[in-house]
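Novice: Hey, can you work out the whole structure from these sequences and the hints?
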Amino acid sequence: MAALQELEDIIRKETYHVVPIMESRQGFTNLTATVQRIGQAGRDAVDWARACLRDQAEARALADKAGAVQKALEADLLELQDRLREEERLTAAARADADASHGREQAALVLLEELRAEMQRQRTRAERLSALPGLHEQGLQGQQGGEGEADARRLSRLSREQDLAEELAHVKELLRSTYEDQDAIARRASFANLRANKLTEELAAAHAAHALEARHKENAERDAGQLRRDLEVRAAEVQALQAQLDAGRERAEQQDKLVREAGLREDRLRKRADQLQRQVERGEQQATALQQLLEQRAQREEEGRAQLQVAELELARQRRQMVALERARDAAAARLRCHDAKLAALQAERDALSTARADLRRELESAREELAAAERRALQQGARAAELESGRARLSRVTEQQARVLRSKQKLWDDLSREYALCRKKARQDETARERLRQEKQQLASSLADKNLRLEMAVEEQHLRDIKLATYQREMADSSAAQLKLSAQLDGARSQLGLTIRELAEERERHQAAAGQVKVLDKANEQLREEAATREKQTVHLERVLARARTEAHGLRAEAQRLEAEAAALRAQRAEQAAEQRRLADQLREADAERAELRREAEARLGERDVIAAMLVRRNDEVRLLRDQGRLLQDALVRGRGALLAARQDARLLGLEVRRLRAERRHLAAQLQNAPQLRAQLYRALQDLTRDQVRLRALEDELSCPLNVHRWRKLEGVDPPAYELLVKVEGCAARRCALDEFSQGFPKTVEVPLGSPSTTGAGRWPGPLTLAPALLGPQVRLLQKRLLRLSAAGLRREAQLRHTEALYSALRRAVCPSEGLPGPQGIPRHTRLASRGRHLKALIAEVSALEALADQKTATRLLADLRFHLPDLDPRKRKAPDEGLELEEDAPRAKQPSPRLRSSFRASE
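When you line the sequence shown up against UniProt numbering, it's residues 1 to 909, in that order.
What you were told as hints is all true, and nothing was included just to trick you.
Label pairs and their in silico Cβ distance ranges: (1) L422 to E597: 20 to 30 Å; (2) L422 to L807: 39 to 49 Å; (3) R337 to D415: 28 to 38 Å; (4) V110 to G555: 15 to 25 Å; (5) Q275 to R337: 36 to 46 Å; (6) A845 to A799: 31 to 41 Å; (7) R265 to E302: 44 to 54 Å; (8) A799 to A680: 23 to 33 Å; (9) L699 to G731: 18 to 28 Å; (10) M457 to E250: 49 to 59 Å; (11) R215 to E461: 21 to 31 Å.
Once the Cα atoms are required to be at most 30 Å apart in a straight line, the calculated BS3-like pairs of lysine-lysine come out as: (12) K257 to K271; (13) K426 to K411; (14) K425 to K411; (15) K257 to K425; (16) K257 to K426; (17) K257 to K411; (18) K425 to K65; (19) K425 to K71; (20) K257 to K65; (21) K426 to K71; (22) K65 to K426.
Just so you know, these hints were derived from the structure itself, not from any lab.
Quick reminder that beta carbons are idealized off the backbone N, C-alpha and C, glycines included.
Specialist: Put into C-alpha cells, the structure is as follows:
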C-alpha cells in the first residue's frame with residue numbers, strides 16, 4: 001500500500017518535475033527504485049492473496065473436521081440409543097421375573113392359609129381326644145357294685161384300660177408336643193408371611209422404580225428424538241455451509257484470477273520499468289556525449305557551470321516555492337471557505353434587499369438609468385472574477401477530494417488489515433475451541449464406555465439375582481410340597497386316632513351292654529388282647545411317624561432359618577440394587593446434563609462458525625470492492641495525468657485571459673475613480689428631491705384642506721397617545737438620518753420634523769400624503785447602503801483577482817520552471833477551450849461520483865440546519881423596510897445560517 005501511495009505521488013508530481021528528472025541521473029535512479037518498490041508491493045499483494053487462499057483452505061479443513069466430529073457424534077448417539085433399547089429389554093425381562101415371583105408368593109400365601117386351617121382342625125381334634133380319660137373314670141365308678149369275679153375281671157380290664165389310658169396320655173403328650181411344634185411352625189409361617197409381605201412391598205417399590213426408570217427412558221427417547229431432529233437441522237446447516245464453501249471456492253478462484261491479473265499488471269509494470277531503465281541508459285549515453293562536448297568546450301564551461309548553479313538554485317527556490325504554494329493553497333482554501341461564508345452572508349443580505357428593491361424599482365428609475373452602465377461593468381468584472389474563482393475552487397475541491405479519497409483508502413486498508421488480524425486470531429481461538437471439544441468428546445466417550453461397562457455389570461448382577469430368586473422360589477415350592485406331604489401324613493394319623501376313639505366308644509358300649517355275659521366278656525377280652533396288640537403296633541407306627549415328623553420339623557426349622565437368611569440376603573441385594581439404580585439414574589441425569597451442555601456448546605460453535613463465514617464473505621466482498629476502487633482510482637490517476645497535461649496547455653490561455661482581465665480591470669478602475677463623488681452627488685440630489693417632495697405635498701395638503709388650529713389642539717388634548725406616537729416617529733426618523741449621514745461621512749442635514757408646527761400650537765392634523773416623504777427617506781438610505789456595499793464588494797473582488805493572479809504566476813513558475821520548456825503554441829483557441837470543457841466535464845463527473853460515495857450525514861445536518869433556520873429565512877415573516885427603523889441599529893442581528901447551509905443555498909441558486 002505504501003508503494004502504491006508512492007506511485008500515485010510520483011504520477012502526481014511527474015508533470016511538475018519532468019525537467020529535473022530528465023536532467024538528473026539521481027531522478028532516474030529514484031524512479032527505478034520506486035518502480036522496484038512498486039514491484040515489491042505487487043509481490044506483497046500476491047503473497048497476501050496466497051495467504052488468503054491458505055486461510056480459506058484452513059477454513060475448509062476446519063469445516064471438514066467439524067463434519068467428521070458431527071458424524072462421530074451421530075454414531076455415538078446411535079450407539080447410545082442401542083444401549084437404551086437393550087436396557088429397556090432387560091428391564092422388561094426383570095419386570096416379567098418380578099411378576100412371576102409375585103405369583104409364586106401369592107401361591108405360597110394360599111398354602112400358608114391352608115396350613116393354618118389344617119392346624120386349627122388338628123387342634124379341635126386334640127381337644128376331643130383329651131375328653132376320653134374322664135369318660136373311662138365314670139365307667140369304672142358305675143361298675144363298682146358288681147360281683148367279685150366280675151370285679152376281678154373288671155379290675156383286670158380296668159388295669160388294662162389304665163395301661164391303655166396311660167398309653168393314650170403318652171400319645172396325648174406326643175400329640176401336644178406335635179401341636180406345639182405345629183404352633184411353632186405356624187408362628188414361623190406367620191413370620192414368613194410378614195417377610196413375604198415385606199418382600200411384596202419391596203417388589204412394589206422395585207416396580208415403582210422400574211416405572212420411574214421407564215419414564216426416564218421415555219424422556220431419554222424424547223430427548224433422543226429431539227437430538228435427532230437437531231442433528232437433521234445441523235445436517236441441513238452443514239449442507240448450507242458446504243454450499244457457502246463452494247461459493248467461497250468460486251470466490252477463491254476469482255481471487256486467483258485477480259491475482260493472475262495483478263501478476264500480469266506487475267509484468268507490465270516491470271516492462272515499463274525496463275523501458276524507463278533503457279531511457280535512463282540512453283540519457284546516460286547522452287550525458288556522456290554532452291560531457292565530451294563540454295570537455296571540448298572547456299573555455300565556455302565556467303560560464304555554463306555558473307548558469308547551472310544558478311539554475312540549480314532556481315530549481316531549489318522553485319521547489320521551496322512549490323512547498324510555499326502548497327501551504328498557500330491550504331491558506332487559500334481556508335480563505336476561500338471564509339469567502340464562501342461571506343458570500344453566503346451577502347446572499348442572505350441580497351435576499352433581504354430583494355423585497356426593498358422591488359418596492360424601490362418604481363421610484364428610482366432615473367437613478368437606475370444613471371448607474372446602469374457602472375453596475376453592468378461591475379457585474380461583468382465580478383462575473384469574470386467569479387468564474388476564475390469558481391474554476392480555481394473547483395480544481396482545489398477536486399484535489400482535496402482526491403486527497404480525502406486516498407486518505408480514506410489508506411484508512412480502509414488499515415482497518416482491513418486489523419480486521420484480518422482479528423479474523424486470524426478468531427480462527428486460532430476457534431481451532432483451540434475445536435481441540436478442546438475434541439478432547440471433551442474423547443472424555444465423554446471414555447465416560448460413556450465406563451458407564452456402559454457398569455451397566456452391563458449391573459445387568460449381569462441382576463440376572464444372577466433373578467436366577468437366585470428363581471432357585472429360592474423353587475426351594476420354597478419344594479418345602480411347601482414337603483409340608484403338604486407332612487400334613488397328609490398328619491391327616492392319616494388323625495384318621496387312625498379317630499378310628500381308635502370310635503372303637504373305644506363301641507367297646508364301652510359293648511361293656512355296658514354285656515355286663516352279665518361273661519362269655520361274651522372273655523371273648524371280648526381276647527378281642528381286646530388282639531386289639532391291644534394291634535394298638536401297640538399302631539402306637540409303634542405312630543411313634544415312628546412322630547419321629548419322622550420331628551426330624552422333618554427340624555429340617556423345616558432349618559429350612560425356615562435358611563430361608564430367613566436368604567430373605568435377608570435378598571433384601572440386602574434389593575437395597576443394593578435400589579442404590580445401584582439410584583446411582584445409575586444419577587449417572588443418566590449427569591449424562592443428560594452433559595449431553596445438553598455439549599449440545600449448547602455445539603450450537604454456540606456452529607453460531608460462531610456461521611459468524612466467521614459471514615465475516616469472510618463480507619471481507620471478500622470488501623476486498624473485491626477495494627480492488628475495483630483501486631482500479632477506478634488508477635484510471636482516475638491516468639486521466640488526471642492527461643488532464644494535468646491539458647491544464648499545462650491551458651495555462652497559457654488562462655494567462656492571456658488574466659492579462660486581458662487585468663487590462664479591463666484597469667480600465668474599469670479608471671472609470672470608477674469618481675464613483676464616491678457621484679454617490680455623494682446622488683445622495684444630495686435625493687435629499688433635495690425628498691425635501692422638495694415633502695414641501696410639495698405639504699403645500700398640496702394646505703391647499704386641499706384649510707388650517708384648523710382648533711382641531712389640532714383638540715387632538716392634542718383628546719388623544720395624547722397618538723400625538724406622542726407621531727412625535728416619536730418623527731424624532732426616530734431624524735436620528736436615523738443623522739446616524740446614516742455620520743456613518744457615510746456626508747455632511748449632516750436634518751430634515752424639518754413633520755410635526756414641528758404642532759409644538760408651537762399652530763400645526764394641524766397631518767393627512768395621509770404627508771407621511772410618504774418621511775417613509776421615502778429610509779428607503780433611499782437603504783439604497784445608498786447597498787451601493788456602498790457593492791463598491792466594497794468590488795474592492796474585495798479586485799483584491800481576490802490580484803491574489804488569483806499571484807497564484808497563477810506561482811503555478812506557472814512551478815509547472816514551467818525552465819524557460820526552454822516548449823509551451824502549447826500553435827493550438828487554436830476553440831480547440832483549447834473545447835479540451836478544457838471536456839476536462840471540466842470529466843472533473844465534474846468524477847466529483848459527482850465521489851459525492852455519491854460520500855456519507856449522508858452532511859445531508860441530514862443540512863436538513864436540520866434548514867429546519868432550524870427556516871423561520872428566519874421566510875420572507876413573509878420579515879419586517880418591511882419601512883418598519884422597525886428605530887430598532888434596526890440597536891437591536892442584535894438575527895441569527896445567520898451556518899456556513900454549510902449558506903454554501904448549500906449558494907449551490908442551489
